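A.B. asks: Letter by letter, the chains look like this.
Protein chains: 2
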Amino acid sequence: MNIPYTFDLAPSTWIPSRYDNHIIRKLSSMKGQYYDTQAFDRLLAQSDPLLYEVYELSRPSVAGELLHGISIIHPGKVGNEYYMTKGHFHAVLDTAELYYCLGGNGMMVMETPEGDWAVEGFTAGKTLYIPPRWAHRSVNVGDLDLALLFIYPGHAGHDYGTIERQGFRKLVLDEGGEARVVDNPRWVHLEQIKSLLL
Amino acid sequence: MNIPYTFDLAPSTWIPSRYDNHIIRKLSSMKGQYYDTQAFDRLLAQSDPLLYEVYELSRPSVAGELLHGISIIHPGKVGNEYYMTKGHFHAVLDTAELYYCLGGNGMMVMETPEGDWAVEGFTAGKTLYIPPRWAHRSVNVGDLDLALLFIYPGHAGHDYGTIERQGFRKLVLDEGGEARVVDNPRWVHLEQIKSLLL
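As you go down the protein sequences, you meet chains H and G in turn. If you count the first sequence from 1, position 128 lands on 128 in the numbering used here, and the numbers rise without skipping. If you count the second sequence from 1, position 131 lands on 131 in the numbering used here, and the numbers rise without skipping.
Just chain H, with the same shape it has in the complex:
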């Protein structure tokens, strides 16, 4: 029914009292996403840990609707790179997203197709606005679950392929207990390459 609805968020687990889809992402679904491929393979040989979960509410994929839900990134690392989401552009590039941090400690790694990048920190109560055109990946740099309420336009869609090819321009690594933002050696400026080839 197309009537208003509410949901509560359970403190500490942040699981919403109502949802339509529960997506789980284990290590095995993140192949090629972590820079330390040996650490990735070693960890996967032992087990296939759960990295993050998304609780989605279902709404129609049209411009006037707002898709929303809760993403929960668990604490942990692959080598010295923190657990993180796949990250994506929106298929309709000119669509924004808003995040409200419910709990935990994290970072949002962002970039545009033109090669601009940005990283913002998350603590409880922090609100982040991601303007249209910015790809985004959530990273848990703390010891507790990172829980985020997200909202984006119904017609946005997802483009995972661009990020899967070479990751984000920046990595977030644990260096002696501190979260550091460093260059991703695998990343190249696709627009620059295109202009050199043409």
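Derived from the structure by calculation, the hints contain no laboratory data. Wrong hints could be hidden among the right ones.
Same chains, same names: a pair is fine if it fits in one copy or spans any two.
Claimed, not checked - Listed next, the in silico SDA-like pairs over lysine to any residue satisfying Cα-Cα at most 25 Å (straight line):
1. Lys77 x Val92
2. Lys86 x Tyr5
3. Lys86 x Asn2
4. Lys126 x Thr13
5. Lys26 x His155
6. Lys86 x Glu65
7. Lys77 x Arg25
8. Lys126 x Glu56
9. Lys86 x Ile3
10. Lys126 x Glu81
11. Lys194 x Asn80
12. Lys126 x Ser12
13. Lys77 x Ile15
14. Lys194 x Gly142
15. Lys194 x Met30
16. Lys26 x Pro60
17. Lys194 x Ile24
18. Lys31 x Gly161
19. Lys77 x Pro49
Computed from a prediction, not measured in an experiment: that's the story for all the values here.
Start from chain H and add chain G according to the hints.
C.D. replies: Using the frame of chain H, we list chain G on its own:
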């Protein structure tokens, strides 16, 4: 600059650390909105109390953007009717809105042009999804500020006139210390009247 940004919310006041517009609504701007017009006039003769405030972040009014901010409805009553927002439809009816309650105790009163109505309660942590087509008004039924984070599509716009004419179908009144949802005697079903006249 079209780059990502964050803001924090000051606990207890809920004023965001960053905003572009600060809208204040005093009693005098709510003429005709409270059912007890004598109580309204008496109160206005004494003073012009501040009923609510909205802190807005500015974004372009286009479909891919998300307009967002914090609304803070102060505690109080006009007669036995609680402080509340003007309430409105979106000018583009087919646009939704999402609310996250930061603190306080409230209700959202909602209705469609077809005469359907709904009321949902707010406590800290409650998330409310208002599908497209539902007019909405926030009501503070508690003793503290009611603070709400709101997000809606950039192209939604506002239509205040329809509500100004006759208010919402339901009122929220203090009856012996309890918030009660009652019929608004002034409300008539415009669609029914239209069909009788035609």
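A.B. asks: All hints are to be evaluated individually against the structure, with a verdict given for each.
C.D. replies: Here is what the structure says about each hint:
no., hint, in the structure
1, Lys77 x Val92, "neither (32 Å within a copy, 46 Å between copies)"
2, Lys86 x Tyr5, "between (29 Å within a copy, 21 Å between copies)"
3, Lys86 x Asn2, "between (31 Å within a copy, 24 Å between copies)"
4, Lys126 x Thr13, "both (18 Å within a copy, 15 Å between copies)"
5, Lys26 x His155, "neither (27 Å within a copy, 38 Å between copies)"
6, Lys86 x Glu65, "both (24 Å within a copy, 23 Å between copies)"
7, Lys77 x Arg25, "within (14 Å within a copy, 49 Å between copies)"
8, Lys126 x Glu56, "both (21 Å within a copy, 16 Å between copies)"
9, Lys86 x Ile3, "between (32 Å within a copy, 21 Å between copies)"
10, Lys126 x Glu81, "within (23 Å within a copy, 34 Å between copies)"
11, Lys194 x Asn80, "neither (32 Å within a copy, 68 Å between copies)"
12, Lys126 x Ser12, "both (17 Å within a copy, 15 Å between copies)"
13, Lys77 x Ile15, "within (22 Å within a copy, 36 Å between copies)"
14, Lys194 x Gly142, "neither (38 Å within a copy, 60 Å between copies)"
15, Lys194 x Met30, "neither (27 Å within a copy, 58 Å between copies)"
16, Lys26 x Pro60, "neither (27 Å within a copy, 38 Å between copies)"
17, Lys194 x Ile24, "neither (36 Å within a copy, 51 Å between copies)"
18, Lys31 x Gly161, "within (13 Å within a copy, 55 Å between copies)"
19, Lys77 x Pro49, "within (10 Å within a copy, 54 Å between copies)"
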